[in-house]
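There are 2 protein chains.
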Amino acid sequence: MMRRGLLLILSSPSGAGKTTLTRMLMAWDPAIRFSISATTRAPRPGEQDGREYYFRDRQTFEHMVKTGEMLEHAEVFGNFYGSPKAPVEAAMADGRDTVFDIDWQGGQQIRNSALGRDVVSIFVLPPSIAELELRLRKRGQDSDAVIADRMSKSRNEISHWAEYDYVIVNRDLDSAFSDLVTILNTERLRRDRQPHLNDFVRGLNQEFEAR
Amino acid sequence: MMRRGLLLILSSPSGAGKTTLTRMLMAWDPAIRFSISATTRAPRPGEQDGREYYFRDRQTFEHMVKTGEMLEHAEVFGNFYGSPKAPVEAAMADGRDTVFDIDWQGGQQIRNSALGRDVVSIFVLPPSIAELELRLRKRGQDSDAVIADRMSKSRNEISHWAEYDYVIVNRDLDSAFSDLVTILNTERLRRDRQPHLNDFVRGLNQEFEAR
Chain Z
-12 MMRRGLLLIL SSPSGAGKTT LTRMLMAWDP AIRFSISATT RAPRPGEQDG REYYFRDRQT
48 FEHMVKTGEM LEHAEVFGNF YGSPKAPVEA AMADGRDTVF DIDWQGGQQI RNSALGRDVV
108 SIFVLPPSIA ELELRLRKRG QDSDAVIADR MSKSRNEISH WAEYDYVIVN RDLDSAFSDL
168 VTILNTERLR RDRQPHLNDF VRGLNQEFEA R
Chain H
-12 MMRRGLLLIL SSPSGAGKTT LTRMLMAWDP AIRFSISATT RAPRPGEQDG REYYFRDRQT
48 FEHMVKTGEM LEHAEVFGNF YGSPKAPVEA AMADGRDTVF DIDWQGGQQI RNSALGRDVV
108 SIFVLPPSIA ELELRLRKRG QDSDAVIADR MSKSRNEISH WAEYDYVIVN RDLDSAFSDL
168 VTILNTERLR RDRQPHLNDF VRGLNQEFEA R
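In the order they appear, the protein sequences are chains Z and H.
Mapping of the first sequence onto my numbering: residues -12 to 198, in sequence order.
Mapping of the second sequence onto my numbering: residues -12 to 198, in sequence order.
These are calculated hints, taken from the structure and not from any lab test.
Keep in mind the model is a prediction, meaning the values are calculated, not measured.
Backbone N, C-alpha and C fix where the C-beta goes; we use that ideal spot for every residue, glycine too.
Among the clues, some could well be false.
What the hints assert, rightly or not - Which chain H residues face chain Z? A few, computed with CB under 10 Å, are given here:
#1 137
#2 160
#3 178
#4 179
#5 188
#6 190
As the list claims (entries may be wrong) - Chain Z is nowhere near these chain H residues, computed Cβ spacing over 12 Å in every case:
#7 27
#8 32
#9 126
Model the full assembly from the supplied sequences, consistent with the hints where possible.
In structure tokens form, the structure reads like this:
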């Protein structure tokens, strides 16, 4: 009997390194599934349905919420975002872990869902706010106004750090990634995630009986 | 502010490798404290008070139990065994982890004590019962009757495997030890074991305020 996949939730303020860590994790173990969110916002140039997001119209999205097909969802600036449940359950049954790159609202909802006991949640903190802003500026993509907006959202996001099982302070990427892998390896070892142990111990008992 | 030390409980049937793993762990991190049990049994030749055991007379032992100085205790073949609480609490306050080489009875009591939330418990299983018996015989110390007795106790001990947080099947010592270290590293990372994070996040908020 195989291990049930777990739900790894990674949250952090924008710029703390969560997306890079997620990519490194998927390269480290290609069996890990990335949870692609559904959204009602329009695709941007270059975005592809089923790769960056599942793009759905509002009616379809609301129907999915109503029929319980979303593990979590939230409205942000007039658009809906959510994590479809079916692919997560399929991965779990298949013994594959799913990683969620979501914010504290999504994290709360999944932790409080029926799948909550399968959740491992990690909050990634920046070493300092100055460093966080520096990383955002280095991307060179955003205007001052957008950066100011992100920084204000970051403060709100950081205020939820204490709801997570683990906290990684991303001082340097290699040691943050090493912490992430250590956590995942350990959580996979937890007794309640190794249902095959039931059969293994039954085998030991049969060996005792046969002595 | 420093991390509070945790209580690492290792249980296993005799011969599964627990004692060797414990020794490897203490060599890996000399800051880890080994919990020395108190007992009412007489010292054997070569045993030293405060090294193998704290040797106490029955009256002293019972007094310690009555005054709550024992974290756990049990009677085995007419002798009392127990884990004194004071050195464990001192180590915890000092940010040092304590490792307990105890059986399922002791494990249950510590998990259900006031220190229960600081416990990480690991059960070490042998790869097979044949291998377990082989390892006992290889020691060459014990008569057939003693080995038969140990095997019967082993069966009882194994029946409690599902009460532990983690299970390690000791197929080879190196990978079992690697699992053990991975678990300890991860448990040290848990948010609720890193009280200094409160100060760290307060610092981040002050940085936001000062912007």
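How the hints compare with the structure:
no. : hint : in the structure
1   : 137  : violated (12 Å)
2   : 160  : violated (16 Å)
3   : 178  : holds (5 Å)
4   : 179  : holds (9 Å)
5   : 188  : holds (6 Å)
6   : 190  : holds (8 Å)
7   : 27   : holds (31 Å)
8   : 32   : holds (33 Å)
9   : 126  : holds (19 Å)
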